[in-house]
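There are 2 protein chains.
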Amino acid sequence: MKSVAGWSCSSRLRPAWVMVACLCWPLLHGCAAPRGVGDMGVVIERATGSVEVVETTGKTVLSRVEGLGDLSHASVVYSRDGRFAFVFGRDGGLSKVDLLTGQLAGRVMQAGNSIGGAISQDGRLVAVANYQPGGVRVFDTETLVQVADIPAVDAQGRTSKVVGLEDSTGQRFVFSLFDSDEIWIADLNDPAKPKITQFTGIGSKPYDALISPDGRHYIAGLFGDDGFALLDLWHPEAGVKRILKDYGHGEKRTAVYKMPHLEGWGMTEDLVFLPAMGRHEVLIVDRAEWREVGRVPVVGQPVFVMARPDGRQIWVNFAHPENGKVQVIDVPTRQVIRTLTPGPAVMHMEFTPRGEHVWLSVRDSDRVEVVDTHSFERIATLSATKPSGIFFTFRAHKIGL
Amino acid sequence: MKSVAGWSCSSRLRPAWVMVACLCWPLLHGCAAPRGVGDMGVVIERATGSVEVVETTGKTVLSRVEGLGDLSHASVVYSRDGRFAFVFGRDGGLSKVDLLTGQLAGRVMQAGNSIGGAISQDGRLVAVANYQPGGVRVFDTETLVQVADIPAVDAQGRTSKVVGLEDSTGQRFVFSLFDSDEIWIADLNDPAKPKITQFTGIGSKPYDALISPDGRHYIAGLFGDDGFALLDLWHPEAGVKRILKDYGHGEKRTAVYKMPHLEGWGMTEDLVFLPAMGRHEVLIVDRAEWREVGRVPVVGQPVFVMARPDGRQIWVNFAHPENGKVQVIDVPTRQVIRTLTPGPAVMHMEFTPRGEHVWLSVRDSDRVEVVDTHSFERIATLSATKPSGIFFTFRAHKIGL
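Chains A and B, in that order, are what the protein sequence lines are. Counting in our numbering, the first sequence runs without a single skipped number right up to 401 at its last residue. Counting in our numbering, the second sequence runs without a single skipped number right up to 401 at its last residue.
Source of the hints: derived by calculation from the structure; they are not laboratory data. Note that this is a predicted model, so its numbers are computed, not measured. Mixed in with the good hints there might be a few duds.
The list treats identical chains as interchangeable, and a pair is accepted whether it falls inside one copy or across any two copies.
Calculated lysine-lysine pairs in the DSS-like style (CA-CA distance at most 30 Å, straight line) [what the hints assert, rightly or not]:
#1 K195 with K59
#2 K241 with K386
#3 K325 with K398
#4 K193 with K59
#5 K59 with K241
#6 K258 with K193
#7 K193 with K245
#8 K245 with K386
#9 K59 with K398
#10 K195 with K258
#11 K59 with K205
#12 K195 with K325
Build the full structure now, drawing on both the sequences and the hints.
Here it is, written out as structure tokens:
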């Protein structure tokens, strides 16, 4: 037996030991093998407070991460390197998931009830929109230490639920105050001193919002008024304008079975497709003039209205009782060209970044279906427990996602 | 000394052995530590046939990969997981660089002289445009085994140099034949039987091309004719149209010091900014009607004309003798708002995907400068040997990049 510099072992056994330790390495460091995160993502498992880590090349589940609290409503943004998913839970929990190790890298209970969040342009700050106690809280993405607290209090001293929180350029976040009909811009260049710009009287009860892929146009849906509120972030001095006033969901109010989601990115190069609240219609809006240029009849009340990345198709899912269907609108003809029935309760859709496939979460059959967007054929099925949102890492590179 | 199942070692020494093997692991597997590739990229070192692997969060060089041949003209596309850079060299070499291990993962000499390449929508195929012997060759991204050969031979039997090779949706590649004035679409859904659609007489000497971010509009620049050739891939049956005929670089032909690059993505939501050949101007084109709506005077002959990802600014670099300058055009006012002098021979620019920073390669001072696009301040400097192209991994997720 040889002893060299304090290390002692039978030399003929070294290869075996190296093998053992190599097998241990992944356990110690969570590095099964080097892998690119560009084709990875997470699937929210809403009932179990867990996420599946998935990859879109082989279309497989890589790991499951548990302990994320109440994910009955959840959304996700990504760190700029695509490795970490920041998961915003319904219970106010902010969880940081490491996709490479399949482990929870951090978690804070930052409020009592939250609705979503956003990440700053430089990737250093993650902001969370809260229902309870309202307002926005901002955290360091590295440490999850709170760096700013922005209570949403109007001139009358009322606090408000915050919805439609989006990131724009210049370390700005934009969000809407549901209870006081306001839109705020928070400039976080100095997180210790957020600069707030407030727009009041923007319309009754903003319920969600989207921002254009260039970070310029912020559009809030109004639950209590007709039309949408539009803010041009290149010209905030021009104020908030009301658009699509002729779209009056109030004129013939129907029961709304599920609030539509606006952050669905139904934007093509020159049009935006929006879910009509409580109607079986998708609105088509010209992006140059922000006026309605058409409507597409669909099978139910739309929830997510999402553009395939090339803008040639719009995919729509629906509220109960039509939530087992997905319809595909052809953009050039503005017609529904396909109705799919992936299974009971299709909760969300996520396109691969170049748009060849779409992943559909089918909650009540505990499956995720992968569909080819050209042939409409199902090309893979993954198991998941009550899946809802699906979020791929390409979002790391997109303003407003 | 204990012996268990053939493994034998002093148990008190195990931790040390684990440590040794853990230190060895990175050497064996090139896994320094798990890391996301989303903030990584490569810088071409043109004179030494090498690339630097860089990351944009800490703004550092992680490794250098050598042995890539003649990179005096080089471009890069990424695997769908963002881990592998496919580098197209001037000498016909196609190299596959592993960003995580900092090693060459494969290399083939696929032709005698090549000009660039593209990757298919599904990430399985990489295509290379060749000057010598002309045509396009297609390779499996996993193995670099050739799967298709598309000679560029016109009706008269002449072979042609191929330029402006771009990927679109549906496993299609689009490219131009410099010597026979054609544009071809190659549908590679079945790589064994590429389906070719040819458009002839598209204008004299197409020299480069770009495709819109949605993969719909292919625009080739013409060296021997006025205007540009436009193909709408949603309506290929409509054929190739000539646009911007009033832009006559031929009317007052000046010496062209360096061919402009069109693949520079000077596209905002509704405009495209194009380098005017041989003129000190940037052309502004309306994307709805494809007509010129203005020109911006600049300090020299533009080479790359690139939009900041939010479309608010256009950055331009120049041919000799103004190649030490970079100008920034403000999109709303269409004015040059800043002239930067980063150093001698600014070869390329690459924005971080959300646009907060731009990386500039300054060849003759062997530096890469990182500039804040809001303040225009230099925030970091990296050393590189005769740097030219800079390519970040977010390109993995973009049609046409």
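- Query: Which hint numbers doesn't this structure obey?
  - Reply: Hints 2, 5, 6, 7, 8, 10, 11 and 12 not satisfied by this model.
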